[in-house]
Amino acid sequence: MGPATMSESIIEESIISRPTYGTLKIVPGLAHYFLADASGAECVIRVVQEMPRDMMEKVHILYVPTPGEAALITSLYALGAKRFEHFPTIEEAVAKLGSWLSDAKMGSQLYLAGTEGLVGQGVAKGEECGLDHTAVQCEHRGSLARRVQCVHCKTMIEDVTTQPVKCPSCDLLLLVRDHYSRRLAAFQGVCINAEDPTEEVEIKEVFK
Amino acid sequence: MSASDHLIPVVVSNVVEVNPIIKRFEFKHVNGDELPAFSGGAHIVVEMIDDDTKRKNPYSLMSSPFERDQYAISVRRDDTGRGGSKFMHEQVRPGMEMKISAPVNLFSLDLRARKHLMIAGGIGITPFIAQMDQADKLGVPFELHYAARSVSQAAYMDSLADRFGDHVSCYCDDQGESVDLEMLLSNQPLGTHVYVCGPKGMIERVVETATALGWPAAHVHFEHFLAPPVGEPFEVHLAKAGIDITVGAEQSLLEAVEASGTPINCMCRGGACGQCETVVVACDGEIMHNDHWLDEEQRAAKQRIMPCVSRFRGKRLELDL
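So the protein lines, in turn, are chains X and R. Read in order, the letters of the first sequence correspond to residues 381 to 588 in the working numbering. Read in order, the letters of the second sequence correspond to residues 395 to 715 in the working numbering.
Hints listed in this document are in silico derivations from the structure and should not be mistaken for laboratory results. Wrong hints could be hidden among the right ones.
Said to hold, decoys possible - Covered stretches of chain R, as calculated for chain X (at least 3 residues, CB under 8 Å):
no.	segment
1	462 to 473
2	570 to 584
Said to hold, decoys possible - In silico lysine-lysine, DSSO-like type, Cα no more than 27 Å apart, as pairs:
no.	chain 1	residue 1	chain 2	residue 2
3	X	Lys485	R	Lys696
4	X	Lys534	X	Lys405
5	R	Lys594	R	Lys634
6	R	Lys594	R	Lys480
7	X	Lys534	X	Lys546
8	R	Lys634	R	Lys509
9	R	Lys634	X	Lys438
10	R	Lys448	R	Lys509
11	X	Lys405	X	Lys462
12	X	Lys476	R	Lys634
13	R	Lys531	X	Lys485
14	X	Lys588	X	Lys534
Here the structure is a predicted model, which means the values were calculated and not measured. Ideal Cβ positions, reconstructed from N, Cα and C, are used throughout, including at glycine.
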């Protein structure tokens, strides 16, 4: 994967519930937790490298690599964090984040970097564990593929790039809305042709 | 309109000397009615008619929010103040009728908290007594750290320790004890909210320590009521009313405005809530901004004043009242 695919994607202005993202910056804290996928790894490396060495005792990193990729694991490991673990899926990494945060103290900061699915699930886990939203920073990198909830059968559909998208579970054709649920960390997918299910709607790739 | 416009007639049902400097006053409605509901951290304004002087001071409610038949406050005697606490200590007796405002809460528990960490200094203990009752009934974990100058001045320390056991830690200056804030604030589970009420220096230390450790501002709560300071008398012109008034040495500007019959908004009467913020039409002189409400820039601009605690020195002050 070349650097071009890792660059920041432009998120168009939309309704207020559509999350927007910033740039990670280290703030004062008792402990600093990081969660990133392959597209966000460079953000973690950028900010952690600038921290004084004696702060590494406070740094905890969770990483979800792209299958088969090893170079970024090596670079992240080399940062010398107190804890560094990597998991094959976002779900497992987020579960680990939950177990780390259940022992965490007030003053902890959470930094999330990568695709929207990872960032959104990290935000939801932080909130569930009692982290104030002002103690969570997010930097979006990589694809704008969306995690979508089919509002009809509640199936979560990962990596949605098309508009509309067909629900793999109930087969309804869903309009992917900008309406976002922070609790579910997902955009809402609503049947696009409910009045006339025979209506043909062109499926275009729009979330790249 | 102000909370203190609609006063509740009460009778002083009990006066208890807690220690040489603190007395507790209990109030019941004159008709025996239930008093308005409140939540832990709320305060009332007590009206004191002292011959020609009418004072209105805010005091935190310390009685249980689950008991509506009476309210209790504790008053620390301050002989260098404007005389409100001295009046309460010397003049107020059981059976006396007084007027109080409905409760207002500027220091409520954040009910999203997973744990409430309370830090009290001296008489700052009072709002926490009501809050602990609330947290205890709600079943939310809480911890009180209560510091006082000496064992003899530590009001309610023993009874709180008896009632809430391990939830309460006490520190007395004269025993060489003090709260290790850095240690305390470094060991709180995620989702904890901290509340501090006490002397200015204590509030500042808690806020600074928490901020440096990375606590989000939304998890740090403090209440610091100011007693309106005494000072030199001064003249004020009220532009809308078209009158000149004099603010006495031991009177607040707010009290002088009220005494003139001019309408003015207010709530906490202690420089914290912002309700009495008033536009300055003209100012030739110096405004002594004593509030917690206006920021540095607003103070320097001399276009706003908080009449509940701030004073004036100079040639002319004209207010949009």
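Item to complete: For the pair supplied as a hint, X:Lys534 and X:Lys546, confirm whether the alpha-carbon distance does not exceed 27 Å.
Response: Roughly 13 Å separates the two Cα atoms, so the pair holds.
Discussion item. Just to be careful, I want the Cα atoms of R:Lys531 and X:Lys485 compared with a cutoff of 27 Å; is the pair within it?
Written reply: holds (25 Å)
Fill in: Satisfaction of hint between R:Lys696 and X:Lys485, Cα-Cα up to 27 Å
violated (43 Å)
Practice prompt. Take a quick look at whether X:Lys405 and X:Lys462 sit within 27 Å of each other, Cα to Cα.
Written response: holds (19 Å)
Discussion item. Just to make sure I understand the rule, a stretch counts as covered if three or more of its residues have a C-beta closer than 8 Å to a C-beta of the chain. Does the segment 570 to 584 of chain R meet that for chain X?
Written reply: With 6 residues close enough to chain X, the hint holds.
Item to complete: Take a quick look at whether R:Lys634 and R:Lys509 sit within 27 Å of each other, Cα to Cα.
Response: violated (49 Å)
Discussion item. Holds or violated: R:Lys448 and R:Lys509, Cα atoms, limit 27 Å.
Written reply: Between R:Lys448 and R:Lys509 the Cα gap is close to 41 Å, so the pair fails against 27 Å, i.e. violated.
Discussion item. With the threshold set at 27 Å, check whether the alpha-carbon distance from X:Lys534 to X:Lys405 stays at or below it.
Written reply: Judged against 27 Å, a Cα distance of about 35 Å means the pair is violated.
Discussion item. So if I understand the rule, the pair passes when the alpha-carbon distance is 27 Å or less; does R:Lys594 with R:Lys480 pass?
Written reply: Given that 27 Å is the threshold and the Cα spacing comes to 22 Å, the pair holds.
Fill in: chain X covers the segment 462 to 473 of chain R, three or more CB atoms within 8 Å, holds or violated
Answer violated; 0 residues pass the 8 Å Cβ test.
Worksheet item: Is the straight-line distance between the alpha-carbon of X:Lys476 and that of R:Lys634 27 Å or less?
Response: violated (65 Å)
Worksheet item: Taken at face value, is the distance from the CA of X:Lys438 to the CA of R:Lys634 at most 27 Å?
Response: violated (60 Å)
In summary, the structure is inconsistent with hints 1, 3, 4, 5, 8, 9, 10 and 12 from the numbered list given earlier, while agreeing with the others.
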